[in-house]
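Participant: Okay, here's what each chain looks like letter by letter:
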Amino acid sequence: MIITTRICRTAEETFRAGRDLAQEVREGDVVLMVGDLGSGKTTFVQGLVYGYGLFDPVTSPTFNIVHVYGPPDRRVIHADLYRLSGMHELETVGLLDDVDDRAVMVIEWPERLGGATPRDHYRVLLQVLDCDERYLTIERHGGRPRT
Amino acid sequence: MVVLGIETSCDETSAALVADGRRGLVDIVASQADLHARWGGVVPEVASRMHVERVLPVVQEAMEKAKITSAEIDGIAVTNRPGLIGALVVGVAAAKALALAWNRPLVGVHHLIGHIYACYLAEPRLVPPFVCLIVSGGHTELIYVDRTGECTVLGRTRDDAAGECLDKCARMLDLPYPGGAHLERLAEQGDPQRVPLPRAWLEGSADFSFSGLKTAVARYLRQNTHEIRREDVAAALQGAVVDVLVEKTVAAARSVGVEAIGIGGGVAANRTLSRAMADAALAVGIRCITPLPPLCTDNASMIAAAGYDRLIRGEDDGLGLDAAASAPLPRASSVEGT
Chain V
1 MIITTRICRT
11 AEETFRAGRD
21 LAQEVREGDV
31 VLMVGDLGSG
41 KTTFVQGLVY
51 GYGLFDPVTS
61 PTFNIVHVYG
71 PPDRRVIHAD
81 LYRLSGMHEL
91 ETVGLLDDVD
101 DRAVMVIEWP
111 ERLGGATPRD
121 HYRVLLQVLD
131 CDERYLTIER
141 HGGRPRT
Chain D
1001 MVVLGIETSC
1011 DETSAALVAD
1021 GRRGLVDIVA
1031 SQADLHARWG
1041 GVVPEVASRM
1051 HVERVLPVVQ
1061 EAMEKAKITS
1071 AEIDGIAVTN
1081 RPGLIGALVV
1091 GVAAAKALAL
1101 AWNRPLVGVH
1111 HLIGHIYACY
1121 LAEPRLVPPF
1131 VCLIVSGGHT
1141 ELIYVDRTGE
1151 CTVLGRTRDD
1161 AAGECLDKCA
1171 RMLDLPYPGG
1181 AHLERLAEQG
1191 DPQRVPLPRA
1201 WLEGSADFSF
1211 SGLKTAVARY
1221 LRQNTHEIRR
1231 EDVAAALQGA
1241 VVDVLVEKTV
1251 AAARSVGVEA
1261 IGIGGGVAAN
1271 RTLSRAMADA
1281 ALAVGIRCIT
1291 PLPPLCTDNA
1301 SMIAAAGYDR
1311 LIRGEDDGLG
1321 LDAAASAPLP
1331 RASSVEGT
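Residue numbers (the working numbering), protein chains in the order written: chain V, 1 to 147; chain D, 1001 to 1338.
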C-alpha cells in the first residue's frame, strides 16, 4: 500500500520526508531504502533518525556495513548491503542477529536480501528525475494492526 | 625493543617488525585487491577467509626476511578496532595465540591511531602537537594530536568518506576496482575546469561532507550523456575532493596553532593530494609529513609503532583483548568549533 508520494526538490526536503516517516515507524519496524547512488538515501535516513529523536551523527555505513544509533532501548540499526554479495554473507556479517523488537532497522541496497526480505516492511523509493528533483514513494507492505 | 605488528582490519593481511618504535625492519602485506576487483569492492566474508589463510604465513615471512626469531620479539601489537569485525577477529586471535605461545605482552591498537604513527615512522623527529588528516574508503577524520600524544577529533565526515565518494564515482565512470588509483590516472589527462562541481565547505566547522559531490557527479553524468569526457570528470572530482581536504586541514592546523600536518590513509597515497597539501602548508609555514604510499595504506608497521609506546610503559592487554567494529575517537572539546 502506497502511503506517501511526493517530490523532494532539495536535500532539505528529502531530510524532512525522512523526519516525517519517523512519526510513523516504531520499534521492530523495518525500512528498506531503494534508489541509485546519489539519490538521497543517506539524507533520508538522517532525517528519519533525527525525527526518531536521536541526535547521533548519521554517516554512510557502506564501509562498515552496519551503524547503530541510540540507546539500547531505542535503537536504529542502519545497514548498507552495497558491498555484500548475497545471503550467506549477510549471515556471516551477523546483520540478522541484530534484528530485535526494540530497534528500527533501516536497510540500504535491500535487493541483496533476496528471499530474506522481511514480510512486513516500509519500502522507500527515491527516483531521480531529469530536473534533478526526487520522486519519493513510500509503501507499506504487510504490516501489523495499528492502534 | 622489537615489536611484531599485525593488521587485518580490512582487506590487507599484514605483519611487520619494528625496532624501538620508529625503525621499520620489515613489512609484509598480502593484499586482496585482485580478489575483490571481481566484486567491485571489499567482500567482507572473502576478506575474513583470506585473512585466516594468510595471517600466519605473513608473520613467518616477516620473521624470515628480518632474520628475527621469536626469542628476539619483545611484544606484539594488533589492530583490534575499528574495522570489519570478521576481519579484525582473525588478527586478534592470531596475535593472542602468538602471545600465549611466546609468553609475550600483547596490546590492541586503534586503527586510526596506527595511521597517525605512520607519520612518526616517516619522520622520526616529528613531535606533537600536530594535526593529522586520515582519509580512506572508510574514514575522513581530522585529528589533533596534543602535546602529550592524546588524540581527539577536530572534524570528520558527516556522510560519505572521501575515499568512498571517489570509489563510488569511479564506479559510475565504469572504472575498475580499486577506483581511487584508476581515477587518479585518468584525472591526469583531464581538465578540471570543464566540469563544474560543488565543494562543501561547512563554514565554521572542521567537518566534511562528500555526498553532495557524489550526487553532483551522478547528475552531471545523467544530464550530459553525449559529450562526456571521463577524464575531465575525473580531474574535476579529484580537484573538488583535494581542495576541500587541503583547505580545511590547513585552516584547522592554523587555528589550533600547530607547526606540522601529517596525512595518512589510502587516499593520502594520491599524489595530487599530497602535493597540494604540502604546497598549501608550506605557504603558511607549516610542515607537511606524507608517509610513502605503502605507509599510507593499511600496514602493520604503523600498528607495531603505535603498540610500542604502550608496551614500553609495561602495558599488556593480555588474552582478554577484544575486537570492536566501531570505536569513534572522542571529539576535541577545548578546540571545538574550529
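None of these hints come from the bench; they were simulated from the model. Backbone N, C-alpha and C define an ideal beta-carbon position, used for all residues, glycine too. It is possible that some hints are incorrect.
Pairwise CB distance ranges (calculated) [what the hints assert, rightly or not]:
no., chain 1, residue 1, chain 2, residue 2, range
1, V, Cys131, D, Ser1326, 34 to 40 Å
2, V, Thr4, D, Ala1097, 52 to 58 Å
3, V, Pro57, D, Gln1189, 48 to 54 Å
4, D, Ser1255, V, Gly115, 31 to 37 Å
5, V, Leu129, D, Leu1202, 51 to 57 Å
6, D, Gln1189, V, Glu12, 35 to 41 Å
7, D, Thr1148, V, Arg26, 44 to 50 Å
8, V, Asp20, D, Glu1247, 53 to 59 Å
Participant: Please go over all the hints and tell whether each is borne out by the structure.
Facilitator: Going through the hints against the structure:
1. For Cys131 (chain V) and Ser1326 (chain D), the Cβ-Cβ distance of about 39 Å falls inside the hinted range of 34 to 40 Å, so the restraint holds.
2. Taking the beta carbon of each, Thr4 (chain V) and Ala1097 (chain D) are about 54 Å apart, inside 52 to 58 Å as hinted.
3. The beta-carbon spacing between Pro57 (chain V) and Gln1189 (chain D), approximately 37 Å, falls outside the hinted interval of 48 to 54 Å.
4. Against the hinted window of 31 to 37 Å, the Cβ-Cβ separation of Ser1255 (chain D) and Gly115 (chain V) comes to about 53 Å, which falls outside the hint.
5. Between Leu129 (chain V) and Leu1202 (chain D) the CB atoms are about 27 Å apart, so this pair departs from the stated range of 51 to 57 Å.
6. A hinted range of 35 to 41 Å holds for the C-beta pair Gln1189 (chain D) and Glu12 (chain V), which are about 37 Å apart.
7. Checking the proposed 44 to 50 Å range against Thr1148 (chain D) and Arg26 (chain V) shows it holds: the Cβ atoms sit about 46 Å from each other.
8. Between Asp20 (chain V) and Glu1247 (chain D) the beta carbons are some 36 Å apart, a value that contradicts the proposed interval 53 to 59 Å.
Of the numbered hints listed earlier, those contradicted by the structure are 3, 4, 5 and 8.
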